[in-house]
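Participant: Hints are included, so try docking the two chains, each in its own frame, into the full complex.
So the protein sequences, as listed, match chains A and B. In this text, residue positions in the first sequence follow the working numbering: the first is 1, and each later residue adds one. In this text, residue positions in the second sequence follow the working numbering: the first is 1, and each later residue adds one.
It should be emphasised that the hints constitute simulated quantities derived from the structure, not laboratory data. Don't be surprised by glycine CBs; every beta carbon is placed ideally from N, CA and C. Careful: at least some of the hints might be erroneous.
[To be verified] With the Cβ distance kept under 10 Å, some of the chain A side facing chain B (calculated, not the full set): (1) ILE124; (2) ALA160; (3) GLU200.
[As the list claims (entries may be wrong)] Here's a subset of chain B near chain A, in silico, CB distances under 8 Å, partners left out: (4) PRO185; (5) ARG187; (6) GLY189.
[Said to hold, decoys possible] In the DMTMM-like style, the derived pairs of lysine to aspartate or glutamate whose C-alpha atoms are separated by at most 20 Å in a straight line are: (7) B/LYS50 <-> B/GLU82; (8) A/LYS231 <-> A/GLU212; (9) B/LYS255 <-> B/ASP235; (10) A/LYS76 <-> A/ASP112; (11) B/LYS59 <-> A/ASP95; (12) B/LYS59 <-> B/GLU82; (13) B/LYS267 <-> A/ASP197; (14) B/LYS267 <-> A/GLU200; (15) A/LYS33 <-> A/ASP137.
Here are the chains, one letter per residue:
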Amino acid sequence: MARIIVVTSGKGGVGKTTTSAAISMGLAKKGHKTAVIDFDVGLRNLDLIMGCERRVIYDLVNVINKEASLNQALIKDKRCEKLFILPASQTRDKDALHLEGVGRVLEELSKDFDYIVCDSPAGIEKGAHLAMYFADDAFVVTNPEVSSVRDSDRMLGILASKSRRAENNEEPIREYLLLSRYSPERVRLGEMLSVADVQEILSLNLLGVIPESKSVLNASNSGVPVILDDKSDAGHAYADIIDRYLGINKPHRFIEEEKRSLFNKLFRGR
Amino acid sequence: MIQLKTITYNIATDKMSTDSSAVSNQRPAIEFKSSTFAVPALILNSADLKTINTKIIQKIQQAPDFFKNSPILLDIQQLTNEKLELNLSELLKLIRSHTLIPIALRGGDNVQNDIALKSGLFIQPLQTTLDADKSMIQPATPIAAKKSPPPNPAPSPTAALRSPIRAERRAAENAAAHAKIITSPIRSGQRVYSEGDLIIMSQVSAGAEIMAEGNIHVYGSLRGRALAGVLGKLDSRIFCFDCQAELISIAGNYKVKDDLDPVMQHKPVQIYLQNQALIIKEL
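Okay, chain B solo, but in the shape it has when bound (with noise of 0.2 Å):
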């Protein structure tokens, strides 16, 4: 009837002073900054209210603190699919007085966004449900664009506030505050995010995936996936001692074990982006 998945949000703005009058050393008065968070999707397989409700408090018996003023995206594109007449605003008061903070709908038809718009919330675009499932960390990683593999980097569900030269500069930015140092290996199903640069002093075992929006080191053998630049920063570089990867990908392009030279395996390599092309080359 209903399903909980988790997303995840990441809205990156520039940085933006409007505070022009304020004085030059004085933090100005209001600061636009990118953050990310994580939002529980609410799926809506019925369009009956009664059932929804019985749904919602067995599942957020489960587990009520995780629930607990939770914000909340309403996913309704099935039943709009299938023509299901649904009543959003009493949905909205049911899911509001369960402690939930409905924050944005999906998939809803012209009318239903109108109500969810003048209810507070913002309109979520219909391609990110593809990668929601797969990509817990990050919207903009390549298994969305695995689908098809796009010239330009991996597009970004939240593209109207993201040009990839503004996400470049975050990346930039980002890199040089923090790169993620990884001392002990990454074992397989473990995922590592970073969202400057990621040093890995271990080996990467197979079915591990690490990710940065930076550059990827790797200081011992590459055996799962590595993703680097996956906010679309196109120079960025994957550099490791003994390259078996599963799967390499820098800004949205990538390649499987099958598409790589073997010739190039168990060697010290750099992988960089040339023309859209990956080039792996010897160290």
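Here chain A stands alone, though its shape is the one from the complex (with noise of 0.2 Å):
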């Protein structure tokens, strides 16, 4: 059976496909056999920043209505054979996804995949509550600014009361903190919230802070996720959440300003 993993915010523009294409790669390259659905019916981005948008051929919706089979809309990913996308339709809405479909979709994909990750659409509407309401764990994507951590918060009361397990009073879903596009140095100033300051409002396991980084901007142009790029600290988050996530313990980095001697001031600039 399947782990299914949905990545959730409420907010948009926070970085959940960011993250789904890169915790989707992660399981991927440690072995394990992944596939990534996007949920976003309609405003579908996924495909972008996995580079296979030019192999779509069917969708998610095409799944439901019983088009295609789901090894034909499944997407094998070049870089690394464990992994499969699932891309959405972009010429529906949400309205064309159904609880039943969905459930029968994750089921099948269950019986050969180890985990599914769900990338969900923003808001608390359809597309978010299907993408949530069968996960067994959820990674909230979370801004350090106070609106996200607003939304999140609502989005952690959903998953609390709205999901297949809290509905059949089953286990509650596993619930993960990761925090992106933090800048320490932001913190310094009094413009972004703190980890701690997050923490204390959500009180919720963090899983992982991703910094602010250039790289994830250049990883969705290019279509690579940016957990295969070695160079970029956001990268190394990304590596880093997954040790986590199956387990292995790491201290968390890129929480604190990072110490620059005056040779990088001078010549590396920023």
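Facilitator: Next up, the structure:
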């Protein structure tokens, strides 16, 4: 049985799709057969970030409507043979999704995958609800600012009350906090909430801090999940997150400001 | 054309036995007890029966099971205000033909009220419409009181049935009967209601709402709204470990964050009512 992970946030633009791409690639590279599903029907993005937009034939809605089989719709990643992408439909909207259909797709995927990563759309409406309904674990992506934190809090409430696990009185969804676009320097200047502030408000298990990084935008634009970028600290942060999720104890990084030597200041600049 | 909203009835009457001849150790033949239930309100903005009919059919198709044999409150105040002619008897027939059970009328004129009473409906006084929209759970919450903070506990739509003293006694009975204990965080947007005391072993996030007919205890940060004694129990108290509340209220007397003394922020406090003033005291 696969473990179903939902990547969610409530608020838009915080890095859900970037995170979905990175962690699905991370899990696959660790040897786990992983599928990543784009639930943002109508605003398909994951295929771009994964760099497979030119290979999309069938999509999630086709599979739900039984117009295509799962094997026809799943796109095998070219860099990692354990990773498969199920894109969203660009020509439909969220109403094309329904609980029974999504349940059927996830059940079928569960049979021969280890992990299924559901990339949730923003908001708390149908698409987001269906993305999280069947989840076992939730990665709540939050930016260190008040509106994102408030929306994450709302999403956590929904995870705790409206998921399949909640409705069947099963063990609740395991919730993890991913703090993205974090800049210790701006925290010091008082422009950003600190890790401690966010954790106090959300009281949630911190899985990792992803620093604000130019490499994320570059990676997205070139269709390479940022975790594959060895030189990027955001990539390292995601690699740590995968290790921690899989039970390897790693100390948190990127929370404190990097100490830069005079040499670095002079020659690397910023 | 038509709108459906849920409102909640809270009917609190004294527990009373009418069978005095019953043997003392036997249960009385009948008992009156308080009970609460939610009723969808059908709000009419059109008096045209044909339009109403099609709209009802559309609505029912969305959730046939929900509406099957559902009680319904008819709200026709809009029509009364606009002096639109409505054939109430025909409307009732129409509603019943859709397996809905009209139980009450709101906002009708005298003639319509008479017809309603004869057809077995009761007349719902108008003032509840104010809070019906905002308060799904409890008509007597201070949301109603907020509009004009009353000197007494929040007025209740079923005031005729319930004096504050009775409500207080009932709340006291309930508090003893069932205190609700919650161990997980109350997140933004969640609402919790306890018919007795409410004990929260975790935090209450900003944008969450906790309500109790009795006392409220929060053993974590309280950042949301806390409303104790919502049925008018004046001696209810709120205890919290770290007070950052958006709003606190006891028996309809409330304060918003702006009115709270900043000195008391982030401190363990208790909040109680004294001469209709909210007292916030460090523990």
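Participant: Where does the structure disagree with the numbered hints, that is, which hint numbers, in rising order?
Facilitator: Violated: hint 12 alone.
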